[in-house]
Amino acid sequence: MNRTSVVVAVLLLAACGGAPPPPAPPPSAPLPPQAASEPAEAPDAEPADAEPPAEEAVAEESEPAEPQAKHVTVKLPALTWTKTPKLDDAPKTVAVSDANGMAVEMATAEVSRSQGEWRIEIGEDKELPFEERQSVTVYLKEAPKKGAKPSVPFGQNRGYFQIKKPDGGTTSYNCDNAWAIEFTSWEVKPYDKAKKGIQEVGRAQGRIVVMSDTSGEGYKPSWVAGTFDAPVTLWDGQDKPDPKKK
Numbered sequence: 001m002n003r004t005s006v007v008v009a010v011l012l013l014a015a016c017g018g019a020p021p022p023p024a025p026p027p028s029a030p031l032p033p034q035a036a037s038e039p040a041e042a043p044d045a046e047p048a049d050a051e052p053p054a055e056e057a058v059a060e061e062s063e064p065a066e067p068q069a070k071h072v073t074v075k076l077p078a079l080t081w082t083k084t085p086k087l088d089d090a091p092k093t094v095a096v097s098d099a100n101g102m103a104v105e106m107a108t109a110e111v112s113r114s115q116g117e118w119r120i121e122i123g124e125d126k127e128l129p130f131e132e133r134q135s136v137t138v139y140l141k142e143a144p145k146k147g148a149k150p151s152v153p154f155g156q157n158r159g160y161f162q163i164k165k166p167d168g169g170t171t172s173y174n175c176d177n178a179w180a181i182e183f184t185s186w187e188v189k190p191y192d193k194a195k196k197g198i199q200e201v202g203r204a205q206g207r208i209v210v211m212s213d214t215s216g217e218g219y220k221p222s223w224v225a226g227t228f229d230a231p232v233t234l235w236d237g238q239d240k241p242d243p244k245k246k
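Residue numbering for the sequence shown follows this note's numbering, starting at 1 and increasing by one per position.
Just to be clear, a hint being listed does not mean it is correct.
Stated by the list, open to error - Here are the computed lysine-lysine pairs in the DSS-like style, where the Cα-Cα straight-line distance is at most 25 Å: (1) Lys70 - Lys220; (2) Lys86 - Lys146; (3) Lys86 - Lys149; (4) Lys165 - Lys126.
Stated by the list, open to error - Here are the simulated distance ranges between beta carbons: (5) Asp167 - Asp239: 39 to 49 Å; (6) Gly197 - Arg119: 12 to 22 Å; (7) Pro150 - Pro91: 16 to 26 Å; (8) Glu142 - Glu217: 29 to 39 Å; (9) Gly237 - Lys70: 30 to 40 Å; (10) Tyr139 - Glu217: 23 to 33 Å; (11) Lys83 - Asp192: 14 to 24 Å; (12) Lys75 - Lys189: 36 to 46 Å; (13) Leu87 - Asn174: 17 to 27 Å; (14) Pro77 - Lys189: 28 to 38 Å; (15) Gly169 - Lys145: 34 to 44 Å.
Read the hints as simulated data drawn from the structure, not as lab findings. Ideal Cβ positions, reconstructed from N, Cα and C, are used throughout, including at glycine.
Take the sequences, apply the hints, and build the full model.
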């Protein structure tokens, strides 16, 4: 083949795409695995500092405290303290008292018997705290009955006045006293020895006047006078006091 033929053959190959393709690029390396991204932390359902819903934000209301009983103050009748009280001195109202200068109502009463001894207590509301409640207690020498009018002259008679102290609280003031009582009603049944224990066996009504010489340092003479309507309570079946006991 002459020189001219070679040149022509080369040109023909180029025109027909007969030239060999360029070498293919090397395959790219695979990407390294990547850790899956962690999801963002979910917010707390109820953040600590979040405001509670309006319907739940209302605080529980505390129950109101029960009201405490109080002294019932009264206007006293024209009654002067004396060593010689008379039944006619007692007002026709429920019992009232000048207790060391404190004018109070003493509307509660109880007639009771324990170990054969009878006594009557006239006092303030029993719902009062012990350190506030005032009362007078006297002992009877005989068993009460309808129409009975027991009385004692002024002197060292058994009994005491539970009275407020000047510095607070109360004290059982044992002092000379005089009193008069009338039982206008006495409806009582016998003690049931089969049941035993303390028994309320009836009621008693009447009027009373007690003068107590509570005139120590810081105290004034005191009295209680008026009507009473009292339960009768028997603590045991002993109907007479021990003869050895004065």
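Verification of the hints:
The hinted pair formed by lysine 70 and lysine 220 meets the criterion: a straight-line CA distance of about 22 Å does not exceed 25 Å. Proximity of lysine 86 to lysine 146 is assessed by CA-CA distance (about 19 Å); at most 25 Å being required, the pair is judged to hold. For the suggested pair lysine 86 and lysine 149, the alpha carbons sit about 11 Å apart, so the restraint of at most 25 Å is met. Of the pairs offered as hints, the one joining lysine 165 and lysine 126 holds, with about 18 Å between alpha carbons and a cut-off of 25 Å not exceeded.
The supplied range of 39 to 49 Å is met by aspartate 167 and aspartate 239, whose beta-carbon atoms lie about 42 Å from each other. For the hinted restraint 12 to 22 Å between glycine 197 and arginine 119, the CB-CB distance of approximately 19 Å keeps it satisfied. A hinted range of 16 to 26 Å holds for the C-beta pair proline 150 and proline 91, which are about 20 Å apart. A hinted range of 29 to 39 Å holds for the C-beta pair glutamate 142 and glutamate 217, which are about 36 Å apart.
Judged by the Cβ atoms, the range 30 to 40 Å given for glycine 237 and lysine 70 holds: they are separated by roughly 39 Å. At roughly 27 Å, the beta-carbon separation of tyrosine 139 and glutamate 217 lies within the given 23 to 33 Å, and the hint holds. Between lysine 83 and aspartate 192 the C-beta distance comes to about 42 Å, which lies outside the given range of 14 to 24 Å. The hinted window of 36 to 46 Å between lysine 75 and lysine 189 holds, with their beta carbons roughly 39 Å apart.
For the hinted restraint 17 to 27 Å between leucine 87 and asparagine 174, the CB-CB distance of approximately 24 Å keeps it satisfied. As the Cβ distance of proline 77 to lysine 189 is approximately 35 Å, the hint placing it in 28 to 38 Å holds. At about 38 Å, the CB distance of glycine 169 to lysine 145 agrees with the hint of 34 to 44 Å.
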